[in-house]
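Protein chains: 2
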Amino acid sequence: MAGRPRASSQRMLEEAASELFLEQGYAKTTIEQITRRAGVSRNTFFNYFPGKADLLWVELDASRTVLTDALAAAPADTDPLAAVEAALATTAAALTPGRAPLVLTQWRVMGIDEELKAAGLARALAHADVVEAFLVGRGLDALVARAIGLAVIGAASAAVGRWAADGPERRPLGTYLQKVVHPVLEGFGIG
Amino acid sequence: MAGRPRASSQRMLEEAASELFLEQGYAKTTIEQITRRAGVSRNTFFNYFPGKADLLWVELDASRTVLTDALAAAPADTDPLAAVEAALATTAAALTPGRAPLVLTQWRVMGIDEELKAAGLARALAHADVVEAFLVGRGLDALVARAIGLAVIGAASAAVGRWAADGPERRPLGTYLQKVVHPVLEGFGIG
DNA sequence: GGGAATAAATAGATCGCGTACAAGAATTAG
DNA sequence: CTAATTCTTGTACGCGATCTATTTATTCCC
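If you're matching them up, the sequences are chains A and B in order.
Take 1 as the starting number for the first sequence in UniProt numbering and just add one per residue.
Take 1 as the starting number for the second sequence in UniProt numbering and just add one per residue.
Please keep in mind that the hints were generated in silico from the structure rather than gathered at the bench.
The beta-carbon is built from N, C-alpha and C at its ideal position, and this holds for glycine as well.
Among these hints, one or two may not hold up.
[To be verified] Just a few of them, taken from the derived set where beta-carbon distance is under 8 Å, the chain A residues facing chain B:
no.	residue
1	49
2	119
3	144
4	147
5	157
6	158
7	159
8	168
9	179
10	183
Given only the sequences and the hints, what does the whole structure look like? Please build it.
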C-alpha cells in the first residue's frame, strides 16, 4: 500500500527557491532554476506545489489550519466574536518574533510585484472564509458573518505587515493584532 | 501632434470578451478568440488592457477614481472616519441597481477560479490603499490607518458581493454597505 | 524469492499568457 | 511633400502550467 518513497522534499525546494529569490529576485527566478538547484526535475516541482507563487506563503497556509483548529476548539457557550479574537491570538502566537515569513521581511530585495500581492491576498481570503464559516455556524447573518470575516482578516493583515516590517526588535505580533482587531469586533458588538 | 487614430475600442473588446466568457467560461477563452471576434489582432489587445483578468474589473477600476475624488472633496474639518463612510456611499451610488459588474453576477457560468478572485482582491487592495492614504493624511497612526483601510474595504466587499448575488430585485447597494461598514468605523471611534 | 500493485520521478510535448522588437499604415504639423 | 507621431500588425520568444506516457523504487501477498 506504499509506492516509491519521496526522494525530494518540500523543504529542499523552499530553500532553493528562497536562495534564488534573494539572489536575483522572484520574477527572474524560473522554476527550472529552482528544481535544478534542488537536484530534481522540473516536473517534480508540481508534485509539491501547485504553482510558483505558493512557495512564498507556506507559513501562511500553515497558520490557516491553526486558525481553523483554534476556532473548532472554542467552547460553544463563548461569545462568537470573543472566540474569533482568541483564535487569532492563538494563531499569532505560532508566528514567533524570529520566524516571520521570508516574503514579508524580504519583499524589497525579492522584487515583489502585484501578482505576488494578489497571491498573498488570496491566502488572506482563505482565512476570512474560515472565520466566516465559524460565524455562520454560530447563527450569524450571512452578510454580517462575511463582512466580519473580511474586515477582521484585513485588520489582521495590516498588523502582520507592520509587525514584519518592524524588524527583529519588534514586539510580539499579539500586541499589534489586538490594537486593530479588537476595534473591528467591538464595532460588531463583541460581548 | 496626433498620429494614427484608434481603429478599435476598449468597449469592443470588453463586449467580445463578455460574450465569450458567458459562452464557454473564462479559463477556456483565449485572448486570441477575443481579438478575433473583435476584429483586431492579438497584439492590439495589450494596447487596451494590461492582461486578460483586467477585462472583468473595469467598473471596479472606475469606482476607485470615484472613491479617490470623493475623499479629496471631503471638507477638512469633518471627522475622517465619517468622511470615509460618506465617500463609500458616494462610490456605491455609482453602481446603480441594474448595473452590477458582470463578473459579480455571472461568475458561476464564467467558471471563476482562484486566479480571478485574486485579481479582484488586488483591485480591492487598491481601494484600501486609497482609504489608507487619506487617513494618514489626516494624521492617523500608520498601522491604524492601514487596518481601517483593509477592514472597511473588506466589509464593503462583502456588501457588494451580497448585493450582486441578490439579483435585480435587490435593494440599493447603500443599504447593504451601511449595515456592515458603519460597525467597522464605529469600532475605530467614528465621531 | 518473485511477481502484482502502488506511488513517485522523469521525459517530452503542448497550450496560452505576456513581452519585446521591428515594420507598416493612417493621421497631423510644418 | 516630408517629417513626426501614434496606432496596428507580424514574428519571435520565455516561462508557467497541464497532460500523457514511461521509468524507477518500494510494499504487499502468494
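Structure-based check of all given hints:
no.: 1; hint: 49; in the structure: 14 Å, violated
no.: 2; hint: 119; in the structure: 6 Å, holds
no.: 3; hint: 144; in the structure: 6 Å, holds
no.: 4; hint: 147; in the structure: 4 Å, holds
no.: 5; hint: 157; in the structure: 6 Å, holds
no.: 6; hint: 158; in the structure: 4 Å, holds
no.: 7; hint: 159; in the structure: 7 Å, holds
no.: 8; hint: 168; in the structure: 18 Å, violated
no.: 9; hint: 179; in the structure: 7 Å, holds
no.: 10; hint: 183; in the structure: 4 Å, holds
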